[in-house]
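K.L.:
Model the full structure from these sequences, guided by the hints.
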Amino acid sequence: MRQIPEQQIDSRAIPYWRWSAGINSLFMFLVPAAYYGASRLWHWPAWITAVLLIMVLAVASFFIFVKPEIKWKTWRYEVSEQEIDLLRGVFVKTRTLIPMARVQHVDTRQGPLLRHYGLSTVTISTAAGTHEIPALADDVAGILRDRISELARVVDEDV
Amino acid sequence: MYEPQRLHPLSILDYLIKNIYSLLKGLLPLFLVALADAGIRKWFLLAVPFLLVLFVVYGVLYWLRYVFYLRGQELRLEYGVFVRKQRYIPIERIQSVQISAGILQRLLGVVKIQVETAGAGNQAEFVLSALPRQKAETLREILQAGRQIPDQAEQVPPAAEYRLSPRRLLLLATTSNGIGVVLSALLAAVSQLDDFFSDLNIWIKIGQYVENLAAGKISMFILVIVILFLFAWLISLAGSLIRFSGFRLTRDGDNIRISRGLLEKQQLTLPVKRLQAVKVVEGILRQPFGMLSVQVISISNSAGAKGEGNVLFPLLPHSRLHHYLQQMLPEFAVISDIKGLPASARRRYLLVNTLPALLIAILSAIFLPWGYLAFIIVPLAAWLGNAQYRSAGWLIDTDRLVLRTRTLGRVTTIVPRRKIQSMSVSQNFFQKRLGLASLRINTASGLGAAVVQVKGMDERTCQDIIQWFSARSAFYQ
Chain A
1 MRQIPEQQID SRAIPYWRWS AGINSLFMFL VPAAYYGASR LWHWPAWITA VLLIMVLAVA
61 SFFIFVKPEI KWKTWRYEVS EQEIDLLRGV FVKTRTLIPM ARVQHVDTRQ GPLLRHYGLS
121 TVTISTAAGT HEIPALADDV AGILRDRISE LARVVDEDV
Chain B
1 MYEPQRLHPL SILDYLIKNI YSLLKGLLPL FLVALADAGI RKWFLLAVPF LLVLFVVYGV
61 LYWLRYVFYL RGQELRLEYG VFVRKQRYIP IERIQSVQIS AGILQRLLGV VKIQVETAGA
121 GNQAEFVLSA LPRQKAETLR EILQAGRQIP DQAEQVPPAA EYRLSPRRLL LLATTSNGIG
181 VVLSALLAAV SQLDDFFSDL NIWIKIGQYV ENLAAGKISM FILVIVILFL FAWLISLAGS
241 LIRFSGFRLT RDGDNIRISR GLLEKQQLTL PVKRLQAVKV VEGILRQPFG MLSVQVISIS
301 NSAGAKGEGN VLFPLLPHSR LHHYLQQMLP EFAVISDIKG LPASARRRYL LVNTLPALLI
361 AILSAIFLPW GYLAFIIVPL AAWLGNAQYR SAGWLIDTDR LVLRTRTLGR VTTIVPRRKI
421 QSMSVSQNFF QKRLGLASLR INTASGLGAA VVQVKGMDER TCQDIIQWFS ARSAFYQ
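Order-wise, the sequence lines are chains A and B. Going by the numbering used here, the first residue of the first sequence is number 1, and it counts up by one from there. Going by the numbering used here, the first residue of the second sequence is number 1, and it counts up by one from there.
Calculated from the structure, these hints are not laboratory results. Take these hints with a grain of salt, some might be off.
To be verified - Calculated lysine-lysine pairs in the DSS-like style (CA-CA distance at most 27 angstroms, straight line): (1) B:Lys432 with A:Lys93; (2) B:Lys18 with B:Lys85; (3) A:Lys67 with A:Lys93; (4) B:Lys432 with A:Lys73; (5) B:Lys339 with A:Lys93.
P.N.:
Written out as structure tokens, the structure reads:
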């Protein structure tokens with residue numbers, strides 16, 4: 001049995017995820033809104049609007065108030081000389097292993113919301129898709145990016 | 001090869017045809033409008049020859065300024081009339097070299113060379129549209145071997161060879177998925193008729209057909225179905241003939257060579273060390289005949305994108321698989337048997353297939369006339385689920401991982417450890433309770449990632465496999 005990866009991501013990830021979930025859930029309210037409009041037009045039963053609204057509220061509050069914290073607790077990563085080890089997932093726990101020799105390049109990314117919290121996302125690209133370590137403090141992300149890039153160069157192999 | 005040189009002048013024609021065709025395709029609506037109006041037509045018809053002359057002049061200039069040559073370990077290309085462009089490709093980065101010849105090219109004895117590297121996108125990186133065959137072969141030799149001087153004395157006859165016999169080709173066409181595609185295209189066309197000619201009432205007529213079944217018109221009904229199948233079969237046969245006629249695969253040192261095609265002779269060379277994975281596909285229509293096909297996952301773009309370039313053995317009897325792999329691709333020949341999944345995983349495979357089938361059956365029984373007939377799919381789904389469970393499995397054979405899954409057909413993927421880009425083990429709530437997990441690997445392909453996932457593996461097995469993937473990589477450094 002392998003040890004679980006050591007590093008945790010930044011705790012500011014929690015408010016960041018709350019806000020981004022909040023913004024995303026605005027789109028969910030389009031469903032009851034659309035139904036409300038339709039029910040006025042074609043005289044469908046009105047109580048379904050309320051049911052839809054409650055459902056959306058329940059789902060949204062789960063994503064805003066419950067999931068970010070669990071997600072933060074479960075997210076783990078570790079970068080060794082030979083490989084990158086990721087562990088994540090609330091409902092489905094996923095462990096991913098990326099050998100350093102397969103890393104093609106590393107990026108850091110930062111949207112406006114992430115910048116507000118001083119966070120960055122590290123994106124690791126292989127010849128078959130990309131992997132993310134979300135929400136690390138800016139300086140940690142920068143150091144990690146440089147380190148992976150350095151290590152990947154050392155063990156460069158051709159595809 | 002080492003001094004800059006031009007292509008065969010046929011490439012001018014090739015350039016003209018390609019560009020005029022794409023221009024026509026884009027501006028066709030505009031042309032139609034222009035031709036419809038008498039006033040514009042006069043000017044338009046005057047402009048066309050002028051434009052054509054411009055095109056020809058530009059084409060000739062383009063040809064004059066399009067040169068390629070080898071310098072050091074690089075293949076270099078310089079082109080462009082107004083803006084000079086240079087493209088250098090390190091020979092060691094070349095993934096595949098493909099030689100093909102269309103009808104026009106064959107008449108003049110020239111060929112087209114496409115050179116692929118691992119870059120993204122569907123376009124080949126380096127296309128030389130017309131080159132005398134001899135020169136093309138020499139160039140390919142150099143590119144493939146990655147050496148400076150081609151050595152004629154080293155021309156050894158290929159050690160092993162696979163050919164597709166005409167009888168096999170017939171069976172290939174009959175059992176290919178193409179038949180299903182053609183059939184559904186025909187059905188879609190019929191249903192479209194309904195939209196275009198609403199007074200035809202196709203579906204009502206079909207309904208009447210079904211009603212008439214009981215009234216003794218069954219022979220007519222069967223006739224229609226037989227004709228439909230025959231038609232689909234002929235189209236599929238034509239497609240297979242065009243693509244796979246004269247299919248020949250040889251192993252030649254470090255390379256695999258494939259030549260095939262009826263209208264356009266194609267030759268593809270794949271370096272074996274560039275192959276990412278080999279897939280043994282046992283289609284559901286082919287399994288009763290004991291037949292399978294072997295495909296390859298490679299990074300070369302055009303080979304993967306067209307979907308047919310990646311076929312190694314279009315059709316092979318199950319019993320000969322090992323023989324041929326051992327001869328042509330010993331790197332991917334696996335002897336031991338696949339290990340199956342634990343019994344506790346069976347339930348998941350059954351549920352995932354039968355539950356949606358049951359839902360569809362119930363819905364159609366409620367809403368459709370004759371809908372209860374749909375219950376027939378429930379036992380079929382259960383049977384499929386069981387087949388999926390029995391097919392799924394894994395094997396570690398020294399430095400290769402073998403994963404087997406089934407959706408409809410059974411697919412066995414053989415990947416060298418070095419070619420696995422990343423590996424994931426995931427576990428949901430139900431799997432955790434049963435001590436199961438899913439194993440997923442990503443390998444590189446021309447279209448990005450090729451993903452293989454086996455669900456319902458033993459969780460300790462998954463740990464062992466990820467350890468095998470990890471520990472050895474630590475070993476190498």
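K.L.:
Please go over all the hints and tell whether each is borne out by the structure.
P.N.:
Now the hints, each set against the structure:
Straight-line distance between C-alpha atoms of Lys432 (chain B) and Lys93 (chain A) comes to about 9 angstroms, which keeps the hinted pair within the 27 angstroms bound. The hinted pair formed by Lys18 (chain B) and Lys85 (chain B) meets the criterion: a straight-line CA distance of about 20 angstroms does not exceed 27 angstroms. At roughly 14 angstroms between alpha-carbon atoms, Lys67 (chain A) and Lys93 (chain A) fall within 27 angstroms of each other, so this suggested pair holds. Taking the CA atoms of Lys432 (chain B) and Lys73 (chain A), the gap is near 18 angstroms; set against the 27 angstroms cutoff, the hint holds.
With a C-alpha separation of about 24 angstroms, the suggested pair Lys339 (chain B) and Lys93 (chain A) falls inside the 27 angstroms cut-off, and the hint holds.
Of the numbered hints stated above, none is contradicted by the structure.
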